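S.K.: For reference, the chains in residue letters:
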Amino acid sequence: MARIPPSVLRRYLFGGHLPTGGCLRQVRHCRPTAHSLSTKRYHGTQVPSANTESAGPETTIPFRKQLKDEAKKRKAEGTGKKSKQDSQKLDSWELTVGIEIHAQLNTARKLFSAASSSINDAPNTHVALFDVAMPGSQPTFQKETLIPALRAALALNCEIQKTSRFDRKHYFHWDQPAGYQITQYYEPFARDGHITLFSHDGIAAEDGEQVKIGIKQIQMEQDTAKTISQPGEIHLLDFNRVGLPLIEIITLPQIHHPSTATALVRKIQLLLNAVDACVLGMQSGGLRADVNVSVRRRDSPSTSSNSYGGVTGLGQRTEIKNLSSFKAVEDAIIAERDRQISVLENGGVIEGETRGWTIGSTETKRLRGKEGEVDYRYMPDPDLAPVVIGDDLIEHLQSTLGVLPDEEILILTKEYGLTTKDAMSLISLNEGGRVEYFRNVVDEYLAISSEEPTEEVGKLCGNWVLHEMGGLANDLADEENPLKITSKGDSVIPAKQLAQLVQFLSLKKITGRTAKKVLSELFEAGLTGKEETAQGIIEREGLWFRPLSDAEYDDLAREILDGNTKVVEEILAGKEGKINFLVGQMMRADQDGRVDATKAREVVRKLIEEHR
Amino acid sequence: PPSLLGIAVKDNIATVGSRTTCGSGILREYKSPFEAGVVRNLHLHDYAVRGKTNLDEFGMGSHSTHSFFGHVANAWPFNNLSAGGSSGGSAAAVASEQCSAALGTDTGGSVRLPAAYTGIVGFKPSYGTISRWGVVPYANSMDTVGIMASDVASIKEAFHKAKLHDPRDPTCISDKAWKRLQPQRNAAILKMDAKRRRMSEAHALNMVGVRIGVPLEYNISELEPGIRQAWRDCLGTLQDQGAVIVPVSLPNTKHALSAYYVLAPAEAASNLSKYDGVRYGTRDGLPDGSNGVLYSRTRGNGFGDEVKRRILLGSYTLSSEAVDNYFLKAQKVRRLVQRDFDRIFAAPNPLRQAEQFDLKDMDESIQMSSKLGPTQVDFIVCPTAPTLPPTLDDASKQTSVDTYMNDVLTVPASLAGIPAISVPFPIPEEFLSEGKPAFAGMQIIGQYATDSALITIAEIMVN
Numbered sequence: 001m002a003r004i005p006p007s008v009l010r011r012y013l014f015g016g017h018l019p020t021g022g023c024l025r026q027v028r029h030c031r032p033t034a035h036s037l038s039t040k041r042y043h044g045t046q047v048p049s050a051n052t053e054s055a056g057p058e059t060t061i062p063f064r065k066q067l068k069d070e071a072k073k074r075k076a077e078g079t080g081k082k083s084k085q086d087s088q089k090l091d092s093w094e095l096t097v098g099i100e101i102h103a104q105l106n107t108a109r110k111l112f113s114a115a116s117s118s119i120n121d122a123p124n125t126h127v128a129l130f131d132v133a134m135p136g137s138q139p140t141f142q143k144e145t146l147i148p149a150l151r152a153a154l155a156l157n158c159e160i161q162k163t164s165r166f167d168r169k170h171y172f173h174w175d176q177p178a179g180y181q182i183t184q185y186y187e188p189f190a191r192d193g194h195i196t197l198f199s200h201d202g203i204a205a206e207d208g209e210q211v212k213i214g215i216k217q218i219q220m221e222q223d224t225a226k227t228i229s230q231p232g233e234i235h236l237l238d239f240n241r242v243g244l245p246l247i248e249i250i251t252l253p254q255i256h257h258p259s260t261a262t263a264l265v266r267k268i269q270l271l272l273n274a275v276d277a278c279v280l281g282m283q284s285g286g287l288r289a290d291v292n293v294s295v296r297r298r299d300s301p302s303t304s305s306n307s308y309g310g311v312t313g314l315g316q317r318t319e320i321k322n323l324s325s326f327k328a329v330e331d332a333i334i335a336e337r338d339r340q341i342s343v344l345e346n347g348g349v350i351e352g353e354t355r356g357w358t359i360g361s362t363e364t365k366r367l368r369g370k371e372g373e374v375d376y377r378y379m380p381d382p383d384l385a386p387v388v389i390g391d392d393l394i395e396h397l398q399s400t401l402g403v404l405p406d407e408e409i410l411i412l413t414k415e416y417g418l419t420t421k422d423a424m425s426l427i428s429l430n431e432g433g434r435v436e437y438f439r440n441v442v443d444e445y446l447a448i449s450s451e452e453p454t455e456e457v458g459k460l461c462g463n464w465v466l467h468e469m470g471g472l473a474n475d476l477a478d479e480e481n482p483l484k485i486t487s488k489g490d491s492v493i494p495a496k497q498l499a500q501l502v503q504f505l506s507l508k509k510i511t512g513r514t515a516k517k518v519l520s521e522l523f524e525a526g527l528t529g530k531e532e533t534a535q536g537i538i539e540r541e542g543l544w545f546r547p548l549s550d551a552e553y554d555d556l557a558r559e560i561l562d563g564n565t566k567v568v569e570e571i572l573a574g575k576e577g578k579i580n581f582l583v584g585q586m587m588r589a590d591q592d593g594r595v596d597a598t599k600a601r602e603v604v605r606k607l608i609e610e611h612r
Numbered sequence: 001p002p003s004l005l006g007i008a009v010k011d012n013i014a015t016v017g018s019r020t021t022c023g024s025g026i027l028r029e030y031k032s033p034f035e036a037g038v039v040r041n042l043h044l045h046d047y048a049v050r051g052k053t054n055l056d057e058f059g060m061g062s063h064s065t066h067s068f069f070g071h072v073a074n075a076w077p078f079n080n081l082s083a084g085g086s087s088g089g090s091a092a093a094v095a096s097e098q099c100s101a102a103l104g105t106d107t108g109g110s111v112r113l114p115a116a117y118t119g120i121v122g123f124k125p126s127y128g129t130i131s132r133w134g135v136v137p138y139a140n141s142m143d144t145v146g147i148m149a150s151d152v153a154s155i156k157e158a159f160h161k162a163k164l165h166d167p168r169d170p171t172c173i174s175d176k177a178w179k180r181l182q183p184q185r186n187a188a189i190l191k192m193d194a195k196r197r198r199m200s201e202a203h204a205l206n207m208v209g210v211r212i213g214v215p216l217e218y219n220i221s222e223l224e225p226g227i228r229q230a231w232r233d234c235l236g237t238l239q240d241q242g243a244v245i246v247p248v249s250l251p252n253t254k255h256a257l258s259a260y261y262v263l264a265p266a267e268a269a270s271n272l273s274k275y276d277g278v279r280y281g282t283r284d285g286l287p288d289g290s291n292g293v294l295y296s297r298t299r300g301n302g303f304g305d306e307v308k309r310r311i312l313l314g315s316y317t318l319s320s321e322a323v324d325n326y327f328l329k330a331q332k333v334r335r336l337v338q339r340d341f342d343r344i345f346a347a348p349n350p351l352r353q354a355e356q357f358d359l360k361d362m363d364e365s366i367q368m369s370s371k372l373g374p375t376q377v378d379f380i381v382c383p384t385a386p387t388l389p390p391t392l393d394d395a396s397k398q399t400s401v402d403t404y405m406n407d408v409l410t411v412p413a414s415l416a417g418i419p420a421i422s423v424p425f426p427i428p429e430e431f432l433s434e435g436k437p438a439f440a441g442m443q444i445i446g447q448y449a450t451d452s453a454l455i456t457i458a459e460i461m462v463n
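So the protein lines, in turn, are chains F and G.
Last residue of the first sequence: 612 (UniProt numbering), numbering continuous.
Last residue of the second sequence: 463 (UniProt numbering), numbering continuous.
None of these hints come from the bench; they were simulated from the model.
Predicted, not measured: the structure shown is a model, and the values here were computed from it.
Even for Gly, the Cβ is constructed at its ideal location relative to N, Cα and C.
Be careful, since some hints might not be right.
To be verified - Okay, derived cross-link-like pairs now, DSS-like style, lysine-lysine, Cα gap no bigger than 25 Å in a straight line:
1. F:414 x F:496
2. F:143 x G:176
3. F:459 x F:421
4. G:397 x F:169
5. G:332 x F:162
6. F:212 x F:327
7. F:496 x F:516
8. F:496 x F:508
9. G:332 x F:169
10. G:254 x F:169
11. G:329 x G:254
12. G:176 x G:254
13. F:599 x F:575
14. G:308 x G:176
15. F:530 x F:575
As the list claims (entries may be wrong) - Stretches of chain F that chain G covers, calculated by requiring three or more beta carbons in the stretch to come under 8 Å of a beta carbon on chain G:
16. 126–136
17. 172–180
18. 251–263
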């Protein structure tokens, strides 16, 4: 089974590196781009408010600043009392959340035109006639867009529909040239999936070990144009983005805790990256979520007629649109839950309405009620034939889907003896490169010493790859990725050298302190482009472990005893435990860490007896 | 150069070098950056665009009076009469001999009705034969590029040159698919053609073996007596030539017009959402959306009344409260209309699965030829329009619903996507009236993809 390094896509986007072979997508010209992370993507599939004046400019808030602001805000509010109050309330109310996630598919072309997809190219350079709705132009479905869409659907355990269709969703906004968005309303291409969230994914404690959330459907749709706001009420339009393919993932309302909602969004992003389906992560705007929130009393049997996707007896829901960070998802749900509970407890009624959430605020804001709701007037697109997906395509994509994160964690914990926490860290670091590197190191280790059980080697190497290497610092290193770990698992410290080093340590040929020192030197050598081997450094600097001779032990012990006469007296007076202090002093006194505690204790005891 | 054949092009078909206005105020200055597929195909075959012709705005109308540029008049000596719509300009250009052929578009009869009113031949091919790339859509699922000319031979020539496959139109049937549809279809024509050749020595009985259906439901009370008589004469002539005349029933005809006027405005409302004056089109430079509705000013000023009426109609029938009762019902009616045709035609529809037909809705007077049902036919012959062209004055006084009535005989073929051709047929002397033409449009309708055979029959009928 082929493994798809999750970061191939990112390398391709951020660095312009094209994966050669292995990908069904056609190779196309791609301008190297960098720092796409700073570009905030703002999916305009939301309905603009009827009043055009109110459609404000898109503001870009750096994610770090956002986090900082959020933290500040929380600090300023103080927490103690409020949470206690809330948790009491929550005993009698049940929260229900459903989420819609929009993600941009990783494709070479737009959904209905042959124009290239691009991220940061000069505005309006990738636009086909159809993209700007020139009269008489017609859509041509780009069937290659199905590949990432199907991968996403398979990763989310969906049933792929043999036949799906495209519909028009009508609303006016300047970023929507045709006056409608082409989407899949009546017959989406994937239905009835699910995603399993485990406690290590960060779900709420109340959800226990794992929770299964149903996916109602996944549909393909068009992106809108990018609005670039200028001073003085001027909005410039970049049609490079219009018509790019998106998928919308709609979950069932089966989420009952805010942190589970965040875990779901985070996990969906992880899965989409892992199967090479999606462009950019949530923080950079490639992913956007809308949440539907409702509450109901736990004790009284519900008489409500509200239901969605087969889930019945729900409270009246409200929708919060356009959440662009994990934090925003969680905070917005909490704020809306608390608002609804307090309205209901005060005898009020929840209106079915659309609400907004601004980063850093404490409550959701009403955008429009039912009466202001846009009637999308869905209509099947008469120009577009149904999409018929063959079993052969599904089978092929299924068999080349690669190892999904959950499976990977299972392998790392079961076969390589890592803890779940370490396994997750490995997977998430360097966009999958760290875990590749880890596997390379283990392979190299086993090549030198094949008798050792993989589980032991994994534990040992895991510690070095994750913790020791994580602690390395050097002025020459790049801040983002100091170890320069690539998606294929290469690094400035060759896997072979690390494996050799760890093996020397395991065989006690060197001490732990030496190993750290050599690692640091290998790191520096790698950064400066010098060819060094672990063995070479050890030889050159004479770092091989040489046990102390009896005489040396004796000399060292005497030295320590002379310096600690008080302690010796205490021991002679019966405080036997103080011997450990002296042993500790001996170990510290030897720079190379060659002192063996058991041997040292023997020598100390012998000398003290002589004193009696 | 004189060797080039001049064609007139309806102004909702994109040409380069001249404007493509669709007869609309909002596109009055619009020049298309690209050329329509059908125009390109004709250019490749020595046709030259002689000019663009006026039309009902975006093809919405039956008299070519709803244009930003003023109404179209019928050809001399009938200048005070309606030229029909919406391809009235193309029809008048052919009738006044300004071009050898003209391109029109037919969504619910927009090529056939003007042809009938101006005494020329108007052909609406099967849906998907001629590329719609560059044809500004009115109702995509029915829009068809049609050809108008003064004789059938010119239509035949232009049609075969226009229908080169164009991959840019996703609804355009590929050559391969077209071939696949052909064999069983052409068997009938070839058989007939062979018979005809054998018979031609005797200069008679050209139509031996051809079964012509006469839909009882088309004999509506609104049919003018002169036209009914012309229809009768036409059938008589065909019978004299050896054709078998068979009464047939198309029971869902009475709902077809209503279904059309639900579906076409719905698609139109959707298609016309793109005209906002932002990327192209005309706007007056004043701020838009000041009263809280985006583009209301530009669109309000840019569209004519009939277009606005249909946008409102379509927006309503697609709205969440009405979609089930109007749009979805109308789609079902459309299927039933298609089934009606599939049941009476001897040739199966190559686009659909063969099916058993329920005969209970059929008119009682239809005779069974076997226990499986009545005789099936090769073609249907019926009038194109229930009346002769009204005066422009009368046309302007018609209510919208009266105007929509003109399409009652052309709309079913549009809903079914099947080919139809309108040819002029003389009206008997005793029915002639002062100031009205002495011909009526007779329509021949065939099963899907029988376009070539249909043209052959039209040729025989005109002779």
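S.K.: Each hint should be assessed against the structure and marked as holding or not.
M.R.: Going through the hints against the structure:
no.	hint	result
1	F:414 x F:496	24 Å, holds
2	F:143 x G:176	20 Å, holds
3	F:459 x F:421	13 Å, holds
4	G:397 x F:169	37 Å, violated
5	G:332 x F:162	23 Å, holds
6	F:212 x F:327	22 Å, holds
7	F:496 x F:516	16 Å, holds
8	F:496 x F:508	18 Å, holds
9	G:332 x F:169	21 Å, holds
10	G:254 x F:169	31 Å, violated
11	G:329 x G:254	14 Å, holds
12	G:176 x G:254	37 Å, violated
13	F:599 x F:575	20 Å, holds
14	G:308 x G:176	41 Å, violated
15	F:530 x F:575	54 Å, violated
16	126–136	holds (count 6)
17	172–180	holds (count 7)
18	251–263	violated (count 0)
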